[in-house]
Amino acid sequence: MPEQHESEGVVSSAGMGGAMDLAVSEAETLERTPGGPEGTGPAGKPRSLWSDAWRDLRRNPVFIISGLVILFLVVISLWPSLIASGNPLKCDLAKAQEGSQPGHPFGYDGQGCDVYTRTVYGTRISISVGVLATAGIALLGSVLGGLAGYFSGGYDSLMSRITDIFFAIPVVLGGLVLLSVVTSNTIWPVIGFMVLLGWTQVYRIARGAVIIAKQNDYVQAARALGASDSRILLRHIAPNAVAPVIVVATIALGTYIALEATLSYLGVGLKPPTVSWGIDISAASPYIRNAPHMLLWPAGALAVTVLAFIMLGDAVRDALDPKLR
Amino acid sequence: MLLEVRDLQVEFRTRDGVAKAVNGVSYGVDAGETLAVLGESGSGKSVTAQAVMGILDIPPGRITGGEILFQGRDLLKLKEDERRKVRGAEMAMIFQDALSSLNPVLSVGDQLGEMFVVHRGMSKKDARAKAVDLMERVRIPAARERVKDYPHQFSGGMRQRIMIAMALALEPALIIADEPTTALDVTVQAQVMDLLAELQREYNMGLILITHDLGVVADVADKIAVMYAGRIVESAPVHDIYKVPAHPYTKGLLESIPRLDQKGQELYAIKGLPPNLMNIPPGCAFNPRCPLAQDVCRTDEPPLHEVDENRRSACHFWRECMNG
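If you read the protein sequences in the order shown, they are chains R and X. Numbering-wise (this note's numbering), the first sequence opens with residue 1 and increments by one. Numbering-wise (this note's numbering), the second sequence opens with residue 1001 and increments by one.
If you are wondering where the hints come from, they were derived from the structure by calculation, not from laboratory data. Here the structure is a predicted model, which means the values were calculated and not measured. By construction, the Cβ of each residue, glycine as well, lies at the ideal position given by its N, Cα and C atoms. Check before you lean on any hint, since a few could be wrong.
Claimed, not checked - Now the in silico label distances, taken between C-beta atoms and shown as ranges:
| no. | chain 1 | residue 1 | chain 2 | residue 2 | range |
| --- | --- | --- | --- | --- | --- |
| 1 | X | PRO1282 | R | GLN215 | 49 to 59 Å |
| 2 | R | ARG58 | X | ASP1219 | 46 to 56 Å |
| 3 | X | LYS1243 | R | GLY153 | 27 to 37 Å |
| 4 | R | VAL143 | X | SER1123 | 24 to 34 Å |
| 5 | X | MET1122 | R | VAL172 | 50 to 60 Å |
| 6 | X | THR1182 | R | VAL172 | 54 to 64 Å |
| 7 | X | LYS1077 | R | VAL143 | 28 to 38 Å |
| 8 | R | SER230 | X | LYS1243 | 51 to 61 Å |
| 9 | R | VAL304 | X | ALA1142 | 49 to 59 Å |
| 10 | X | ILE1058 | R | ALA135 | 33 to 43 Å |
| 11 | R | ASP164 | X | LYS1125 | 46 to 56 Å |
| 12 | R | ALA135 | X | GLU1080 | 48 to 58 Å |
Said to hold, decoys possible - Derived list of chain R stretches under chain X, where covered just means 3 residues or more per stretch with a C-beta under 8 Å from a C-beta of chain X:
| no. | region |
| --- | --- |
| 13 | 173 to 179 |
| 14 | 229 to 240 |
Sequences and hints are given; from them, build the entire structure.
As structure tokens, then:
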């Protein structure tokens, strides 16, 4: 790179002489970053992995579409009355299974409840179960996995065997067995079950990411400068190992929403009067021939939500994994 | 003596067997003095340095013997948390590849400031001001603005200056530089080396310079230790070794430097390859590659002969070697 040498302002003529007593102008003549603006943003602001990823995401239509869908879902799960004025628990048996009519675009379900209102209110349960379960597995999995990857040795071997055991448990069967004995009608047992069986997924990813990150020279450099284990782990390894965990968690969020519906469908997840898409799908399935609209709307909402989170996960992965760029 | 390594032995236990990386290395360095440790890849020069710093990966590494005396204390007898207080504050290390030795997600200011936060308990704001000071001291232009930049935004030479600044931050008594200029342009190498030597004089630090570049050594080192297969085969003041090497391996190294007065001739290279550390040849480890090797070299390990007061050679035939 000849331009670089020039800007470094150094005379190099003698080639590789034995002793390096070249006529090098004293270090006063400094090399400058080649090409100045390279590596700096348009405003000259320093760019990090995260701001780079954000720039990538903003240009990605997959991210924009899935992000808008998710934003919409989050808003209506917080304030369902914004778009649905009815009460999801106010039902009129006389209207059971009736189809679409003015003011009730999605029709009525088997109990004569308004499907539109129930679908809108069901968002809250789906989103909160998905978000809380994902937060739980991400936290537990990355802490345990991060420690296993960093300290290796006996703790790692033990933990990895334990995760093997959890991997061997079929999720739906485990749910049927464990959740069938639960009587509480809150979302917590379902979330607890998901975290219990789900953390191993993040554990493996986090452990692998930490093992890769800890081999970096800057980790050894930080140790050579006297940083403690906790400091190395939190400040130097975690920020460099967190990206794959975020990606896996985002994709997992969609699958946990689907899992909640599955468990509720099977009768071991949430129970009425909780308003959940899974419960409504379960209730509608015997009438799929007579009144398909009862199944279509909650199932459609579930599919769109799961798809949006999986698409978001894909977009985030593309942005965070420099090798795919 | 600021640092004295005595008969250090390090091995690595791997699935394929035990690799003896360091086999009884002794060297010392005084305040203000520069010791160059020279050797090929795998000669144990970096492993010795890692053992001194206490950053050897254990396991698979293991220190099986010897002492590391630093300011009179045996570092190998310290507890890990006492050892950690020595690292960075009293001795520091500069690594070969500054890009990979700096954390890509933290700004250089954060990383420089970290030294003061960890060891001095300073506030983030004070640490940032210190970071700017340090960057100015290693002559990074526009330090005040660039302190917020990330490592990838600096050129190679600038990054190595930042590494030097990090090592110097707490004014340690000893600096170990592991091939500090190998990853740099030839032109920038000299600048970085000059800066390092100048700062060493200013702070009167001991410097251990690990390198395989004989050119770098000649300018800055006071004495040289040449390592081969985990042993020191020759140690001497720098000028003596360039004048007349007392070990055939040193001689081979010096002859394999390209010189302007040998234009058109074939460049000399030491025959063969460095030994496998899991299977070091009996006798003198260099004997399969040595032009002077006799039967005795294949059976008896040469002791460190005293060539003169400051000079040692681990060769049975050091006299023959010095006479040509």
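Each hint, compared with the structure:
At about 35 Å, the CB distance of X/PRO1282 to R/GLN215 disagrees with the hint of 49 to 59 Å. Checking the proposed 46 to 56 Å range against R/ARG58 and X/ASP1219 shows it holds: the Cβ atoms sit about 51 Å from each other. Evaluation of the 27 to 37 Å hint for X/LYS1243 and R/GLY153 yields a failure: the beta carbon distance comes to about 51 Å. For R/VAL143 paired with X/SER1123, a C-beta distance near 28 Å keeps the hint of 24 to 34 Å intact.
Under the hint 50 to 60 Å, the C-beta atoms of X/MET1122 and R/VAL172, about 55 Å apart, fit the expected range. The hint said 54 to 64 Å for the Cβ distance between X/THR1182 and R/VAL172, and at roughly 57 Å that hint holds. At about 34 Å, the CB distance of X/LYS1077 to R/VAL143 agrees with the hint of 28 to 38 Å. For the pair R/SER230 and X/LYS1243, the supplied restraint of 51 to 61 Å holds, since their beta-carbon distance comes to about 52 Å.
A beta carbon spacing of about 51 Å between R/VAL304 and X/ALA1142 agrees with the range 49 to 59 Å that was offered as a hint. A beta carbon spacing of about 36 Å between X/ILE1058 and R/ALA135 agrees with the range 33 to 43 Å that was offered as a hint. At roughly 48 Å, the beta-carbon separation of R/ASP164 and X/LYS1125 lies within the given 46 to 56 Å, and the hint holds. In this structure the supplied range 48 to 58 Å is violated for R/ALA135 paired with X/GLU1080, their Cβ-Cβ distance being about 35 Å.
Counting residues of the region 173 to 179 of chain R whose C-beta lies closer than 8 Å to any C-beta of chain X gives 0; at least three are required, and the coverage claim is violated. Given a C-beta distance limit of less than 8 Å, the hint that chain X covers the region 229 to 240 of chain R holds, as 5 residues qualify and 3 suffice.
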